Amino acid sequence: MASVIGRRSTVRLVHAAIIVAALVPAALIVWDALHDNLGANPVEEITHRTGDWTLRLLLTTLAVSPLRRLTGWNDIIRYRRTLGLLTFTYVCLHFLTYLVIDQGFPIQGFAIRYVGEDIAKRPYITVGFTAFLLLIPLAWTSTKGWIRRLGKKWKALHQLIYAAAALGVLHYLWLVKGEQVKPVYYAFLLVGLLGLRVWLGRRVRAPLRSPDAPRAADPLPAPLRGRALDPS
Amino acid sequence: MGAAFVSSLSPSLPLSAFAQRGRGGEDDKPNSYDDITHYNNYYEFGPDKRDPSDHSGGFHPHPWTVAIEGEVHKPQTLDIDDILKRYPAEERIYRLRCVEGWSMVVPWNGFALSKLLNDVQPTSQAKYVAFTTVYRPTEMPGQNTGILPWPYVEGLRLDEAMHPLTILVTGLYGKPLPNQDGAPIRLVVPWKYGFKGIKAIVRIRLTREQPSTTWSMVAPTEYGFYANVNPEVDHPRWSQKRERRLGEFLRRPTLMFNGYADQVASLYAGMDLRTNY
Numbered sequence: 001m002a003s004v005i006g007r008r009s010t011v012r013l014v015h016a017a018i019i020v021a022a023l024v025p026a027a028l029i030v031w032d033a034l035h036d037n038l039g040a041n042p043v044e045e046i047t048h049r050t051g052d053w054t055l056r057l058l059l060t061t062l063a064v065s066p067l068r069r070l071t072g073w074n075d076i077i078r079y080r081r082t083l084g085l086l087t088f089t090y091v092c093l094h095f096l097t098y099l100v101i102d103q104g105f106p107i108q109g110f111a112i113r114y115v116g117e118d119i120a121k122r123p124y125i126t127v128g129f130t131a132f133l134l135l136i137p138l139a140w141t142s143t144k145g146w147i148r149r150l151g152k153k154w155k156a157l158h159q160l161i162y163a164a165a166a167l168g169v170l171h172y173l174w175l176v177k178g179e180q181v182k183p184v185y186y187a188f189l190l191v192g193l194l195g196l197r198v199w200l201g202r203r204v205r206a207p208l209r210s211p212d213a214p215r216a217a218d219p220l221p222a223p224l225r226g227r228a229l230d231p232s
Numbered sequence: 233m234g235a236a237f238v239s240s241l242s243p244s245l246p247l248s249a250f251a252q253r254g255r256g257g258e259d260d261k262p263n264s265y266d267d268i269t270h271y272n273n274y275y276e277f278g279p280d281k282r283d284p285s286d287h288s289g290g291f292h293p294h295p296w297t298v299a300i301e302g303e304v305h306k307p308q309t310l311d312i313d314d315i316l317k318r319y320p321a322e323e324r325i326y327r328l329r330c331v332e333g334w335s336m337v338v339p340w341n342g343f344a345l346s347k348l349l350n351d352v353q354p355t356s357q358a359k360y361v362a363f364t365t366v367y368r369p370t371e372m373p374g375q376n377t378g379i380l381p382w383p384y385v386e387g388l389r390l391d392e393a394m395h396p397l398t399i400l401v402t403g404l405y406g407k408p409l410p411n412q413d414g415a416p417i418r419l420v421v422p423w424k425y426g427f428k429g430i431k432a433i434v435r436i437r438l439t440r441e442q443p444s445t446t447w448s449m450v451a452p453t454e455y456g457f458y459a460n461v462n463p464e465v466d467h468p469r470w471s472q473k474r475e476r477r478l479g480e481f482l483r484r485p486t487l488m489f490n491g492y493a494d495q496v497a498s499l500y501a502g503m504d505l506r507t508n509y
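Residue numbers (this note's numbering), protein chains in the order written: chain A, 1 to 232; chain B, 233 to 509.
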């Protein structure tokens, strides 16, 4: 029993560390804003930083289950939802930065017209906004209750993360001028991660023990939870 | 109209009045020296706005020569020191509108390009002016990357080049032009998007044919030869109707020809600005 408690507190500690670490970039934005350290165009800087961190966290989230397979570190899957929700936090900050401080809505009420025009007419904004929309149901259904209620459909629904990731990278690729390398790095990472999944999927799948198996109070039957949390 | 305007450009005219023309009015306060020197698009030093100030320390703008050649009666290669002596700099406070949707106000020091061109005497065949940036990959790290074809080239129609608002710039805020802003000599055409303002110029060539320009070679559907600031013609990927003036929170409307329509609209009379973007 003591070892179980030890393991649970380790998981909590890692959780806390992930959340704190992932919120550092957001805190830095606030800090830099208060100290006039965001450069000559603070709005652009905030947009770029929140966008960058959305993609980094999204790719990190996608890396969890391949890493689990490769390393056999089963507990890592416990952190995927947290990483996914942190991704969602940054994409919300990114979108709100665009809507409120870049376009000026609702201070300039008419700005909604420009936002609508952007979403309809600018392909990089269209795909970026679509990626944002796709992430909303994923965040919404990330709770244990929704995982249970949706059953097998949950897994199918959460495949949307691949589409969101692809659109998110496309969003970046399509917005830069000239042949810039940074969005290409993200594209390579994404393709690499997806390739890894395909490759791992083809290997004979060793039965994975659910990380929650020893938890007596777990509301879900262990095998279901294991499957539901691992769409790969 | 044109003549009246030119005669109003006597040296005694406080040239800060330039920025106040059009609808900008008293809102057009110059941006800080710090902003103007730490927020630059100058891909020779990297694609981020801070790259030019961070990575241009090893660039040597001196000694320097500018070759003026092509369809001229008196081709010559001028030393930058002679240029500074022969063409005393005056202050021109201009709005600068970047094609990316931001803008600033810059107190440039420079002289009308027309003075230089008149001295080399364009032939009757000269119709365009082509400009070339120095190619120096050892000092310009971005030139070792494929982000753009190098060297950067730009061009103007001869009448645009001769327009009194078109200047060659050698300084800003009364100081020598910093490396990241295009030292030692750059072009500024205030009614066009900022990328027309080619930096670190080593060659000015008068031509019969319309010269190639870097961005229109790289992305011809997005950037044309003219690149006049025009809120009615959007960039294919973003709106040009509004702009963020650095230092302001809300976007402001973009003005036709960047607010210099009274002075330059006649250059484009009868032209379809939608196709000649």
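Any given hint could turn out to be false.
Sample of chain B residues lacking proximity to chain A, with all beta carbon distances greater than 10 Å (derived) [what the hints assert, rightly or not]:
no.: 1; residue: R282
no.: 2; residue: K306
no.: 3; residue: T439
no.: 4; residue: L505
Here are a few chain B residues that face chain A, going by a calculated C-beta distance under 7 Å [claimed, not checked]:
no.: 5; residue: C330
no.: 6; residue: F427
no.: 7; residue: R477
no.: 8; residue: L478
no.: 9; residue: L482
Simulated from the structure, these hints should not be mistaken for lab results.
Computed from a prediction, not measured in an experiment: that's the story for all the values here.
Beta carbons: idealized from backbone N, C-alpha and C, even for Gly.
When you look at the beta carbon of B/T439, is every beta carbon of chain A farther off than 10 Å? Nearest chain A Cβ is 25 Å from B/T439, so the label holds.
Let me know if the C-beta of B/L482 comes in closer than 7 Å to any C-beta of chain A, holds or violated. holds (5 Å)
So is B/R282 really clear of chain A, every C-beta pair being over 10 Å apart? Violated, because the least Cβ-Cβ distance between B/R282 and chain A comes to about 7 Å, which does not exceed 10 Å.
Minimum Cβ distance from B/L505 to chain A greater than 10 Å, as the annotation requires: Since the minimum Cβ distance to chain A is about 19 Å, B/L505 lies beyond 10 Å and the statement holds.
In terms of Cβ atoms, is chain A entirely out of 10 Å range of B/K306? holds (37 Å)
Taking the closest Cβ pair, is B/C330 under 7 Å from chain A? violated (10 Å)
Does the CB of B/F427 sit less than 7 Å away from some CB of chain A? Not OK, violated: B/F427 not within 7 Å of chain A, min 9 Å.
Tell me if B/R477 is really an interface residue toward chain A, meaning its C-beta lies closer than 7 Å to one of theirs. violated (10 Å)
When the least beta-carbon distance from B/L478 to chain A is tested against 7 Å, hint result: holds (5 Å)
In summary, the structure is inconsistent with hints 1, 5, 6, 7 from the numbered list given earlier, while agreeing with the others.
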